[in-house]
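Enquirer: Go ahead and model the full structure; you've got the sequences and the hints to work with.
First to last, the sequence lines map onto chains D and U. Numbering (this note's numbering) for the first sequence: 1 to 331. Numbering (this note's numbering) for the second sequence: 1001 to 1331.
Don't read these hints as lab results, they were simulated from the structure. Ideal Cβ positions, reconstructed from N, Cα and C, are used throughout, including at glycine. Careful: at least some of the hints might be erroneous.
[Claimed, not checked] Coverage of chain D stretches by chain U, computed from C-beta distances (three or more under 8 Å per stretch; other residues unrestricted): (1) 221 to 230; (2) 238 to 245; (3) 261 to 275.
[To be verified] The calculated lysine to any residue pairs, modelled on SDA-like cross-linking and capped at a C-alpha distance of 25 Å, are: (4) U:K1014 to D:G71; (5) D:K235 to U:S1267; (6) U:K1235 to D:M52; (7) U:K1235 to D:I253; (8) U:K1235 to D:Y83; (9) U:K1235 to D:G71; (10) D:K255 to U:E1224; (11) U:K1142 to D:I253; (12) D:K255 to U:K1142; (13) D:K255 to U:D1200; (14) D:K255 to U:T1136; (15) U:K1255 to D:D280; (16) D:K204 to U:P1254; (17) D:K255 to U:K1204; (18) D:K63 to U:S1267; (19) U:K1255 to D:G71; (20) U:K1235 to D:E309; (21) D:K235 to U:G1071; (22) D:K235 to U:K1140; (23) D:K140 to U:N1195; (24) U:K1281 to D:K63; (25) D:K235 to U:G1050; (26) D:K204 to U:P1061; (27) D:K255 to U:N1201; (28) U:K1235 to D:K192; (29) D:K140 to U:G1071; (30) U:K1255 to D:Q279; (31) U:K1281 to D:N234; (32) D:K235 to U:P1060; (33) U:K1235 to D:A285; (34) D:K255 to U:D1227.
[Claimed, not checked] Taking beta-carbon pairs under 8 Å as the criterion, some of the chain D residues facing chain U (in silico): (35) K255; (36) A256; (37) G307.
There are 2 protein chains.
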Amino acid sequence: MKNTILLNSRPEGKPQESDFKFVNQEVGTPSNNEILIESKYVSVDPYLRGRMSDAKSYVPPFKLNEPITSGIVAEVLQSENSYFKKGDFVTGNLPWKKQQVVNPENLQKVDPEKAPLSTYLGILGLTGLTAYLGLTEIGKPKKGETLVVSGAAGAVGSVVGQIGKILGLHVVGVAGSDEKVEMLTSKFGFDKGINYKTTDNMAKAIADACPNGVDVYFDNVGGEISDGVLVNINKFARIAICGAIAVYNKTSIPKALAVQPFLVKNSALMQGFIVSNYQDKFGEASKQLAQWLQEDKLVYEETMVKGFENIPQAFLDLFEGKNKGKMVVQV
Amino acid sequence: MKNTILLNSRPEGKPQESDFKFVNQEVGTPSNNEILIESKYVSVDPYLRGRMSDAKSYVPPFKLNEPITSGIVAEVLQSENSYFKKGDFVTGNLPWKKQQVVNPENLQKVDPEKAPLSTYLGILGLTGLTAYLGLTEIGKPKKGETLVVSGAAGAVGSVVGQIGKILGLHVVGVAGSDEKVEMLTSKFGFDKGINYKTTDNMAKAIADACPNGVDVYFDNVGGEISDGVLVNINKFARIAICGAIAVYNKTSIPKALAVQPFLVKNSALMQGFIVSNYQDKFGEASKQLAQWLQEDKLVYEETMVKGFENIPQAFLDLFEGKNKGKMVVQV
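Expert: The structure is reproduced here in structure tokens:
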């Protein structure tokens, strides 16, 4: 039984199934505060692509022939730790293994009574925190302003747009299918959606959807969508760069519209981030997200794939835009 | 006698002499708190190029057939104002006229005993404030970090680098001739200079000059120089965009390296600004600059052109890099 997924090779361009390798590794038994856990839900996220390369980045690259890691919700099967009990559920950044013995010091308990377990990988996990903290700390949205979100139907983007609406902004989302665009307005309450795949002229589409210009741009994708937003920014605009999925799989960084003239003429700000930059605000942010969820002010979408063996494919599907909302694998 | 310079046409690409028109306009006599002044020194600056176009920008465009305005130091010839006396010198943003009657409410008195009059257009004027406030407010330099400055031999860049040295940074400047590069180290105290015109590979040149990577980039030019810096930025780098002279004269915004992947993987910030964003800090900044100048910690370079009739040509020469330090016309 193959119970572990290793990085088999570093992708050139688009990752492939062959970049992953399934192996069987001994699980062992817990001792000295350790616990034995079984993975229930595994998060697959675009940012993992970066860690598969060995380029300098904000987190060290995955090592070849070692397991990939990502956010996982697991059940405690056996415990030598007084805090964690058999039957508890925990979450943290963990290797892609069916079962494993771990020192739980970086794991948090999660409560299946309060919210479905998978949401701790999504709206109540790093996904929600990324949306909330990127938007509030960099975007600094003010009531009445206009917010544009790219990758708007994705896990982070759909939460960003909803928070924008809660805070009283005009919210426009960009996504890659008519079905997703429809969901932006009908399910997530965005004011407008734009299907970039059927739009010839992004700059004009953004201008039409944002009659007062763009004050805040939450960017998950980069590329031509961002070029189209850039020409529509207002004075003192803030652009939070959360990801650049449009270029993750390129073998060289592509050319894009030079941003400097737009930033200087508008005194605008563009800032990249990862959620861990704001670790000191996780408590406050989690509380706010949980409250909005409870008040039904936030809804979420999940694309749930079943089976440990389908984790690599679920990850690859992210780059085809096959997910709506958070992509999660139920083991 | 032609005493006034008007905007004759909006330049397409590079401005030309024919975009300016010399005319004679009546001067009049002062009344009701007005003063009659005579221009002594006129500042020509790259940012004026932006105002010659009618594109949306941070300041309204110049109007056709009306005078260009810029920083001017003038002498009071006649006064109907109790605060300003004949023989006083004043500075402010003023039309390109030899003599004019103005309401002086936006003018400041300057003291020729404390510093040469032209410095009030340069290191003790908006140029110095731009350098100081862009570097400190956006760049947030910390002792021991590495600062790169583009347009380093220019009016703003040469001051930025010197402030970097005062604050204890490793400072690298990029300029466009061997003579300028020599001046960076010998006159302004930069640690290293790079001549971009004789450098094949900017990214490598920056890497060689910045063994610890780039923490702060003060960008006056944009274009390929900035692309070369971008690939060398460190985590949490700060990029202050002061200008984009490399693209001001292009008829369409050129393509450049996509910045988003670099910003996101380094959690880096890029922010455009104009000095007036920090008007509330002018007092404090001016005091600091004057003190450093007095202590001989700051030196400055001026390129002085003589004659009112040469103002347009002095402006055009900026785009050929013919100035070292601040370009000023002595009327």
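Enquirer: Indicate, hint by hint, whether the structure satisfies it.
Expert: Status of the hints after comparison with the structure:
Here's how the segment 221 to 230 of chain D fares: 3 of its residues keep a CB closer than 8 Å to some CB of chain U, so the rule of at least three is met and the hint holds. Residues of the segment 238 to 245 of chain D with a Cβ under 8 Å from some Cβ of chain U number 4, which satisfies the need for three, so the listed coverage holds. Under a criterion of three residues with beta carbons nearer than 8 Å to beta carbons of chain U, the stated coverage of the segment 261 to 275 of chain D is upheld, 14 such residues being counted. Distance check on the hinted pair: U:K1014 and D:G71 sit about 54 Å apart at the alpha-carbon level, beyond 25 Å; violated.
At most 25 Å may separate the alpha-carbon atoms for a hinted pair to count; D:K235 and U:S1267 meet this at roughly 23 Å. Our distance criterion of 25 Å between C-alpha atoms is met by U:K1235 and D:M52, whose separation comes to about 19 Å. Using a Cα cut-off of 25 Å, the hinted pair U:K1235 and D:I253 holds, with the two alpha carbons roughly 18 Å apart. As the CA atoms of U:K1235 and D:Y83 are separated by approximately 36 Å, the hinted pair breaks the 25 Å bound.
Of the pairs offered as hints, the one joining U:K1235 and D:G71 holds, with about 23 Å between alpha carbons and a cut-off of 25 Å not exceeded. Between the alpha carbons of D:K255 and U:E1224 the distance comes to roughly 11 Å, so the proposed pair stays at or under 25 Å and holds. Straight-line distance between C-alpha atoms of U:K1142 and D:I253 comes to about 30 Å, which puts the hinted pair past the 25 Å bound. Between D:K255 and U:K1142 the CA atoms are separated by roughly 32 Å; this puts the pair beyond 25 Å, and the hint is violated.
With a C-alpha separation of about 19 Å, the suggested pair D:K255 and U:D1200 falls inside the 25 Å cut-off, and the hint holds. Of the pairs offered as hints, the one joining D:K255 and U:T1136 is violated, with about 30 Å between alpha carbons and a cut-off of 25 Å exceeded. Taking the CA atoms of U:K1255 and D:D280, the gap is near 38 Å; set against the 25 Å cutoff, the hint is violated. This hinted pair checks out: D:K204 and U:P1254 have alpha carbons roughly 19 Å apart, not beyond 25 Å.
Taking the CA atoms of D:K255 and U:K1204, the gap is near 19 Å; set against the 25 Å cutoff, the hint holds. At most 25 Å may separate the alpha-carbon atoms for a hinted pair to count; D:K63 and U:S1267 meet this at roughly 23 Å. Distance hint between U:K1255 and D:G71 is unfulfilled; the C-alpha atoms sit about 37 Å from each other, more than 25 Å. Between U:K1235 and D:E309, the direct Cα distance comes to roughly 36 Å. Violation of the 25 Å bound is thereby established for this hinted pair.
Between D:K235 and U:G1071 the CA atoms are separated by roughly 23 Å; this keeps the pair inside 25 Å, and the hint holds. Between D:K235 and U:K1140, the direct Cα distance comes to roughly 22 Å. Compliance with the 25 Å bound is thereby established for this hinted pair. In summary, the hint linking D:K140 to U:N1195 is not supported, as the alpha carbons are separated by about 40 Å, beyond the 25 Å threshold. For the given pair, U:K1281 sits about 49 Å from D:K63 by alpha-carbon distance, which is inconsistent with the 25 Å threshold.
With a CA separation close to 15 Å, the supplied pair D:K235 and U:G1050 stays within the 25 Å bound. Note on D:K204 and U:P1061: the hinted pairing holds, with a Cα-Cα distance of about 23 Å set against a maximum of 25 Å. Restraint check for D:K255 and U:N1201: the C-alpha separation of about 17 Å stays at or below 25 Å, so the hint holds. Between U:K1235 and D:K192 the CA atoms are separated by roughly 35 Å; this puts the pair beyond 25 Å, and the hint is violated.
A threshold of 25 Å between alpha carbons decides the hint, and for D:K140 with U:G1071 the separation of about 34 Å lies outside it, so the pair is violated. Under the criterion of a C-alpha separation no larger than 25 Å, the hint pairing U:K1255 with D:Q279 is inconsistent with the structure, at around 36 Å. A C-alpha spacing of about 24 Å is found between U:K1281 and D:N234, which places the hinted pair at or below 25 Å, so the restraint holds. Distance check on the hinted pair: D:K235 and U:P1060 sit about 13 Å apart at the alpha-carbon level, within 25 Å; holds.
The hinted pair formed by U:K1235 and D:A285 meets the criterion: a straight-line CA distance of about 24 Å does not exceed 25 Å. Using a Cα cut-off of 25 Å, the hinted pair D:K255 and U:D1227 holds, with the two alpha carbons roughly 10 Å apart. With a least beta-carbon distance of about 4 Å to chain U, the hint placing D:K255 at the interface is held under the 8 Å criterion. Contact between D:A256 and chain U, as hinted, is supported at the beta carbon level, the nearest pair being about 4 Å apart and thus within 8 Å.
Here the hint on D:G307 is broken, as its CB sits about 31 Å from the closest CB of chain U, past 8 Å.
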